[in-house]
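S.K.: Here are the chains, one letter per residue:
2 protein chains.
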Amino acid sequence: MNVLIIGGGFGGLEAAKTLGSDPRVSVTLIDRKNFHLFQPLLYQVATAGLSPADIAVPIRSILAKYDNVEVVLDQVLRIDAEKNQVIGQERTYSYDSLLLAAGATHSYFGNETWEEFAPGLKTLEQATEIRRRVLLAYEAAEKAQDPIEQKAWLTFAVIGAGPTGVELAGSLAELAHATLAKDFRKIRSKETTVYLIEGGDRVLPSFHPDLSAKALKDLSSMGVKVLLSAKVQNVDAGGLTLPDRSIQAKTLLWAAGVRPSRLAESITAPRDRVGRLIVKDDCSLPGLPNIFAIGDLAAFTGTDGKPLPGVAPVAVQQGAYVAHTILNDLSQKPRNPFHYFDKGSMATIGRRRAVLEVGALRLSGAIAWLGWLFVHLLYLVGFKNRVTVLFSWIWSYFTYRRESRIIPDREWRMGK
Amino acid sequence: MNVLIIGGGFGGLEAAKTLGSDPRVSVTLIDRKNFHLFQPLLYQVATAGLSPADIAVPIRSILAKYDNVEVVLDQVLRIDAEKNQVIGQERTYSYDSLLLAAGATHSYFGNETWEEFAPGLKTLEQATEIRRRVLLAYEAAEKAQDPIEQKAWLTFAVIGAGPTGVELAGSLAELAHATLAKDFRKIRSKETTVYLIEGGDRVLPSFHPDLSAKALKDLSSMGVKVLLSAKVQNVDAGGLTLPDRSIQAKTLLWAAGVRPSRLAESITAPRDRVGRLIVKDDCSLPGLPNIFAIGDLAAFTGTDGKPLPGVAPVAVQQGAYVAHTILNDLSQKPRNPFHYFDKGSMATIGRRRAVLEVGALRLSGAIAWLGWLFVHLLYLVGFKNRVTVLFSWIWSYFTYRRESRIIPDREWRMGK
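Chains as they are written, first to last, in my numbering: chain W, 102 to 517; chain X, 102 to 517.
Since the hints were derived computationally from the structure, they do not count as laboratory data. Any given hint might turn out to be false.
Identical chains blur together in the list; that is why a pair holds if it fits in one copy or across any two.
[Unchecked claim] Derived pair list, reagent style DSSO-like, types lysine-lysine, alpha-carbon separation capped at 27 Å:
#1 LYS252 / LYS332
#2 LYS252 / LYS184
#3 LYS485 / LYS118
#4 LYS291 / LYS326
#5 LYS287 / LYS118
#6 LYS244 / LYS283
#7 LYS332 / LYS381
#8 LYS291 / LYS118
#9 LYS283 / LYS332
#10 LYS166 / LYS318
#11 LYS485 / LYS291
#12 LYS283 / LYS485
This structure is a prediction, so every number in the text was calculated from the model and none was measured.
Please build the complete structure, drawing on both the sequences and the hints.
M.R.: Shown next as structure tokens:
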């Protein structure tokens, strides 16, 4: 039986691995990229702490040991559920079971032109673009003759105070106050202003209010200016506009909204308000029992009546669940509903600062930070990457340095 | 006194460090890039063994401890030797002494359109472009339906058998025969053909003929097809043409010719046949005692009457020499001529295979290879990079894996 998996993220990879050990199935995994990306550490690539390859592993190398798994680099254009076919840019794929696991991207809530000025952080390419902008901002500030322009180059604004926004803002503040402190002659990088702008009334809204308060205190003590209940009205090359003021900032980063991959639109099926495919309790699409959607692409109603959050553990557990369900179908066993086991959530703010909650347990400070480091190392794919990332962290902890501070050109030709 | 250095490569950096300890001078170093690049390991980035940041260090971080050194990111447009000014894209710089150290780039001997099909390997951007092409070639071969097309994707040709060409060819052969061996289902990466094409009658022409013969034997035993006395007549998207045959190869790499940076043309001064600035025995330009040119940009006549080779040790020694000469001028001491101390040369071919010559001593095999590893680690800039690269080498040696096998998009926007 042919299983087709679209997407080599947390969910798709877990499903491929689970199916890969069973000789009854033949698996094809399609992805636009040749690598699996460990998104939780992407902000460290964006702020020059890690190299892209430290958190990206070739999908085919992860799956090399499973002889019944084939990996194809292709982009899916549309799905023909009647013919059980997926039409890709390069060829057409037939399937018996189909797993949609293409993840999510950013949403600018209809203001898509803002992307040029305020890139989001979901892909490796966006991370290196953000790194380029952040590092070039300091270079431009060093060269600026006009003090107003110089100040705008030394002003950074992160829009959205979920985990990614908090991590970015904290990391930018540390870059300014420690890493770059001795490198410039005309400017003082310590005079950098980092804004964190949130439309809601607290940072980390998915966490308990006590942890939001703790994170706010940590951010403030690190020099991040947090603006709450601040709705962004406009974004352009000069900065951004809030209802009560405008901020001149040359470097804007977007961490505010998420929408599912366009793959969700390539099939005729019910979707929720943000566009996620609504799935049944076995992760299949209504009326299409051989098509499953998982992770950020799917709206699975949890026990509290709300959709499960767009986090890696949901995708991983759903990936394994769908793989087992497909194998159970083969053995003609009945399908059991998917249950999400919530292991808790965590976000890091800076050195020895993080928040962590597991059920009623809430931790912050150095213990939460060590827990964050441990869990992220544990789940990072690839032994060599674990060693490299651990060494980078230890190195940066003691030296305050970040060793991925390079600004490559976009153009490779030698030119003039 | 103001010293202006153009170029943060081996020569410029050495000069800046030497001058940086002397309070009598104020140094400005201009580079188009924000990083110093360790070019000798660039082929390992191109063949997915190392990450770009492993061999690139921010120039301003290397020079941060020298308070009298300023680093500026700018591109030099032209030099006005009469006014003692350098005109950059962003501003004009005045100098008392000027050091030209902008290095070299590729030469296609008048066939500049070949670059599109056969990129050279001098910059980080070229290295990641080559990595992209090499990895995409295997992806395309895996997808190809037509066996002739598949074979063309599995054929690689490196043009030029100097050290860079030999290193690239050997590394491509190892990638095919070991690293990728288990990752594909439709193709067998071991069936890859790597050509190494040399216009002269032996590989590594700058080495002793015995070592050329040894290198040829090593390359052949690794499966590289070496074609000697083979002049490339044409290069296009389908492959290349030699006088007696044509080779269908989708991936071509250029390691054949070098010419100095365009900076050499930005000043009116005598140049040699390949365009290098002819310098006097104190590395200054004729009639312009306060302007020096060093490294790959300069033609310095050695004791044998030939120009010194375009290798890092020449640039480093000249950089230190010019810095001392500038300081001697300040102390009104006479200028002594520059003498190059030749420490020998080495090139690596593959695992436990390298060649090395120091004076009359000629080594090959595992000892030369260990010597090569040791010297390259020793001269690599940055302690963290040394540890990371050493770990990558040990890892790759035992696992045959290369952990930088990612193909990022050129475009960062999320697109459709």
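S.K.: All hints, please: hold or fail.
M.R.: Now for the hints, and whether the structure bears them out:
no. : hint            : verdict
1   : LYS252 / LYS332 : within (23 Å within a copy, 57 Å between copies)
2   : LYS252 / LYS184 : neither (59 Å within a copy, 33 Å between copies)
3   : LYS485 / LYS118 : within (20 Å within a copy, 34 Å between copies)
4   : LYS291 / LYS326 : within (14 Å within a copy, 56 Å between copies)
5   : LYS287 / LYS118 : between (54 Å within a copy, 20 Å between copies)
6   : LYS244 / LYS283 : within (16 Å within a copy, 51 Å between copies)
7   : LYS332 / LYS381 : neither (35 Å within a copy, 66 Å between copies)
8   : LYS291 / LYS118 : between (47 Å within a copy, 25 Å between copies)
9   : LYS283 / LYS332 : neither (36 Å within a copy, 52 Å between copies)
10  : LYS166 / LYS318 : neither (48 Å within a copy, 34 Å between copies)
11  : LYS485 / LYS291 : between (35 Å within a copy, 25 Å between copies)
12  : LYS283 / LYS485 : between (32 Å within a copy, 18 Å between copies)
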